[in-house]
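*Asks:* Please model the entire structure based on the sequences and the hints provided.
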Amino acid sequence: MRRSSLPAPALTGIGILGLLALLAAAAPLLAPFDPAEQLDAAESSRRPPLSSLLVVRTRNGESLLAERVTVDGNDMVLERRSGSLRIPLGSVTNYREDGISERRRTWLGSDALGRDVLSRVLHGSRVSLTIGLLAAGLALTAGTFVGSCAAIGGRFVDQSLMRLVDGLLCFPHLALVLLLATLYRPDTTLLVLLIGGTGWMGLARLVRAELLRLKQERFALAAAAAGRSPAGVLFRHLLPNATTPLLVDASLRVGASILVESALSFLGLGVQPPQPSWGSMIADGQSHLTTAWWIAAFPGLMVAAAVLGSSLLADGLSDRLAGLRAGGRETRRRSPWAIRTWLGQA
Amino acid sequence: MSRFVLRRLLAATILFLIVLTLAFAVVALAPGDPMAPTDPRIPPEQAERLRALYGLDQPLPVQYLRWLGAVVLHWDWGQSYRTGQPVAELLFDALPPTLLLTGAALLVQYLLGIGLGLIAASRPNSRLDLSVRVASLIVYALPTFWVGLMAVLVLAVGLGLAPAGGMTSAAAFELGPIAAALDVLAHLWLPALVLGLSMAGDIARYTRSSLIEFQATEAGRAARARGLSETRILLVHGLAHAAPRLLQLASVSAPLLLSGAVVAEVVFAWPGLGTATLVAIQSRDIPVVLAATAYGAVLVIAASLAADLLLTRLDPRISLE
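If you're matching them up, the sequences are chains A and B in order. Under the working numbering, residues 1 to 346 are what the first sequence spells out, in order. Under the working numbering, residues 347 to 667 are what the second sequence spells out, in order.
Derived from the structure by calculation, the hints contain no laboratory data. These numbers come from a predicted model, not from an experiment. Glycine included, each C-beta is placed from N, C-alpha and C at the ideal position. Any given hint could turn out to be false.
[As the list claims (entries may be wrong)] Quick list of the computed label-pair ranges, beta carbon to beta carbon:
#: 1; chain 1: B; residue 1: 648; chain 2: A; residue 2: 141; range: 29 to 35 Å
#: 2; chain 1: A; residue 1: 48; chain 2: B; residue 2: 376; range: 40 to 46 Å
#: 3; chain 1: B; residue 1: 385; chain 2: A; residue 2: 105; range: 44 to 50 Å
#: 4; chain 1: A; residue 1: 301; chain 2: B; residue 2: 526; range: 35 to 41 Å
[What the hints assert, rightly or not] Some, not all, of what chain B presents toward chain A, calculated at C-beta under 10 Å:
#: 5; residue: 372
#: 6; residue: 376
#: 7; residue: 425
#: 8; residue: 484
#: 9; residue: 601
#: 10; residue: 609
*Replies:* Right, here's the structure in full:
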């Protein structure tokens with residue numbers, strides 16, 4: 001059998017998501033500064049990307065920032081936004097003959113409180129990705145459970161579960177989520193429960209339809225005829241063959257959850273400060289949009305990258321699925337595990 | 347047909363009642379007391395008087411029935427804790443701007459989506475098709491509120507193509523009816539474009555796959571055999587084939603559009619339901635949040651009901667079920 005690999009979009013998606021996960025995991029190592037640090041906030045606030053400031057350290061433990069420093073007699077003159085500041089040269093601890101060499105460079109600029117945007121974006125990715133993945137995981141679990149129950153539970157269970165899903169699908173979730181987020185102080189757990197708990201209905205329908213289709217396949221009928229229990233057929237034969245459509249949906253769900261989380265954080269109903277999240281960073285940037293575009297721009301690009309990664313993965317997987325369906329008869333006759341083989345390589 | 351309509355109406359009413367009950371339960375079971383004195387110098391009797399005034403001293407079932415009765419019979423949502431204004435009045439003013447914005451966004455979404463879908467389907471697997479597909483993925487990935495902010499920054503502030511926010515100019519009350527409408531339009535186009543763009547990709551994808559699928563059906567082959575032009579096959583027969591599915595998509599996308607509208611309103615300072623809700627949330631103005639929740643529910647339920655009813659007109663097979 002020809003060993004098939006994943007299509008290019010799916011690989012790109014995996015690449016983007018993997019890179020983001022790596023950045024999130026290594027955030028404390030990669031971030032140049034503490035995401036909450038406000039060093040000389042008046043001077044470092046709203047500095048553009050790629051700019052840098054000199055750091056003047058004084059004897060009383062203060063750190064002053066300046067665009068330029070000059071030495072004038074026994075004084076050091078710091079040129080600052082607010083004008084020039086004279087301090088005695090003797091109080092500066094990091095002065096060398098050639099001046100001050102310590103520089104604080106912001107790669108992606110600094111926000112209104114002087115915090116480093118790059119450091120915050122990196123730390124924010126932990127919050128956003130965690131919530132995205134956990135919420136998608138919750139939706140996947142709940143959707144698979146309800147869908148499986150409906151598919152093998154008999155007519156009554158099926159009908160009542162599907163009516164419930166129909167009702168929940170046209171339920172205005174945002175309104176309820178807003179209400180809950182208003183009444184309870186939102187934290188990661190609540191957000192995962194809210195986002196995951198409102199995102200499983202489509203999956204339940206999908207799982208049910210897929211399992212009902214697979215139940216009629218010969219391998220499933222054969223397994224049932226050979227005396228396997230319905231649960232055994234479900235776990236050994238039906239669900240393994242439904243992995244691809246499930247993964248397509250779960251992958252889309254990761255992106256959707258990240259989008260919802262960012263929107264809630266943007267409205268101030270997400271993870272609370274000082275913990276940075278992409279959505280709340282964009283909200284911070286809104287009031288400084290015309291003077292400091294970078295505060296809102298970069299976290300938005302990160303959200304877009306994460307969602308694009310998950311959409312590409314889903315797109316590639318569903319292309320692959322369509323291919324399997326089209327030429328599927330032969331593949332499936334060979335082994336019920338055929339669909340899983342390429343996933344094993346993924 | 348009429349039985350189907352009645353059943354759908356009944357289901358919509360029940361759903362609305364469930365939403366109301368759930369919203370009430372969530373608020374009633376939440377921790378915290380809105381009437382708790384914020385200052386220790388306020389005597390407890392004062393809080394008791396306030397509780398009695400708002401009926402909060404009654405047992406929960408009584409509160410629930412009173413509240414539900416007022417809502418269902420008189421559409422009376424109580425008074426805002428913040429301004430003392432009747433909630434129904436407050437939200438009634440916010441409803442038309444939201445309907446205008448979502449309506450315009452829906453129009454943008456369908457015009458753009460169907461247009462792009464037609465282009466993509468006319469040359470499947472061409473470079474053009476691929477770029478439409480990639481573009482729709484990228485547009486989907488961009489958060490609406492972020493696109494809104496960037497659009498304000500570049501198009502409104504940078505290039506001066508649109509006002510940066512609001513629905514009317516400061517001097518709008520001096521304008522005549524036509525000038526006033528044009529003024530609203532000048533404020534409307536950018537938020538509607540941003541909001542519509544977020545969903546246009548989905549529509550484009552559905553249109554494309556539906557049109558390609560149509561060309562392979564007997565009806566599609568028959569249309570070609572009759573010697574109709576490619577344009578006519580796609581535009582007239584193909585779109586007729588795609589219409590029911592596109593309409594179904596509208597009912598699915600209504601909740602999304604509404605939640606998008608909330609954030610878009612915040613970005614563009616649009617004086618609609620979203621802005622009113624957010625202000626209420628920030629000041630913990632529970633009656634307003636509760637009513638806004640229900641308004642959102644009504645809009646979503648009404649949209650899906652309307653889509654379903656239209657669907658039975660478009661596709662008669664559905665009413666037979």
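*Asks:* Would you mind marking each hint as holding or not holding in the structure?
*Replies:* Status of each hint after checking the structure:
no., hint, verdict
1, 648/B / 141/A: 29 to 35 Å, "holds (33 Å)"
2, 48/A / 376/B: 40 to 46 Å, "holds (44 Å)"
3, 385/B / 105/A: 44 to 50 Å, "holds (48 Å)"
4, 301/A / 526/B: 35 to 41 Å, "holds (39 Å)"
5, 372, "holds (6 Å)"
6, 376, "holds (4 Å)"
7, 425, "violated (18 Å)"
8, 484, "holds (6 Å)"
9, 601, "holds (6 Å)"
10, 609, "holds (5 Å)"
Checked against the numbered hints listed earlier, the structure breaks hint 7 alone; every other hint is satisfied.
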